[in-house]
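> Listed below are the residues making up each chain.
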Amino acid sequence: QKEVEQNSGPLSVPEGAIASLNCTYSDRVSQSFFWYRQYSGKSPELIMSIYSNGDKEDGRFTAQLNKASQYVSLLIRDSQPSDSATYLCAVTGGRDDKIIFGKGTRLHILP
Amino acid sequence: DGGITQSPKYLFRKEGQNVTLSCEQNLNHDAMYWYRQDPGQGLRLIYYSQIVNDFQKGDIAEGYSVSREKKESFPLTVTSAQKNPTAFYLCASSIDGGRQPQHFGDGTRLSIL
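Chain order of the listed sequences is X and Z. Following this note's numbering, the numbering of the first sequence begins with 1 at its first residue and continues without gaps. Following this note's numbering, the numbering of the second sequence begins with 1 at its first residue and continues without gaps.
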């Protein structure tokens, strides 16, 4: 059974600090990795995609991928109260190309 | 603007009734998906379709049915056989169903009367 694991949280981070969200996956041949943000009562919104090892930066967001360790993370710099949401990690491109979602990490930015 | 439109936003089902949730996309995506999300829970895949006139069961297909007669449309019917239908239903699409990300509609919240 292929899995994507995330700490459910809540993760509490002071405003202005760096929030670090982590995700591990079990299918070693996975190729594509995504982070979604989901506000309470709303649908998930794609915020980052990463396909190769290393870091990818987009504004205050940085996605980090380490395929050898089967680990993908999302860093949010200068955290704002508006970043408070659930963050879903998703992985695809494995043996059957099916996308697998983690259950999400709840992030709470403390004003 | 390209996107995924789900309707209605809220839906109420009576005992023994079938209800249909609409999902339309104008992104020219081949693949479409239906997920169910319960409070505080992750996404569970109900059905998916990678091409017109073809669809596959996901992890929790019992009590649900779908059709894919047009590329743009992937309606979900919640049948009376689904005894616990109260949930947030999300429709998504992706370019090719493989290694590309999925994009979501705004969702339909279904409740029992």
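Do not rely on the hints blindly, as some may be mistaken.
As the list claims (entries may be wrong) - The calculated lysine-lysine pairs, modelled on DSS-like cross-linking and capped at a C-alpha distance of 30 Å, are: (1) Z:14 x X:2; (2) Z:57 x X:103; (3) Z:70 x X:42; (4) Z:9 x X:42; (5) Z:9 x X:98; (6) X:2 x Z:83; (7) X:56 x Z:9; (8) X:103 x Z:9; (9) X:56 x X:2; (10) X:98 x Z:14.
As the list claims (entries may be wrong) - Pulled from the structure, derived: some chain X residues nowhere near chain Z, Cβ distances all over 12 Å: (11) 41; (12) 57; (13) 96; (14) 97; (15) 104; (16) 108; (17) 111.
Stated by the list, open to error - What follows is a list of derived Cβ distance ranges for each label pair: (18) X:46 x Z:20: 45 to 55 Å; (19) X:68 x Z:20: 19 to 29 Å; (20) X:22 x Z:41: 44 to 54 Å.
Note that these hints are calculated values from the structure, not bench results. Ideal placement from N, C-alpha and C gives every residue a C-beta, glycine not left out.
> Tell me, in ascending order, the numbers of any earlier hints that this structure violates.
Structure breaks hints 1, 7, 10, 11, 13, 14, 15, 18, 19, 20.
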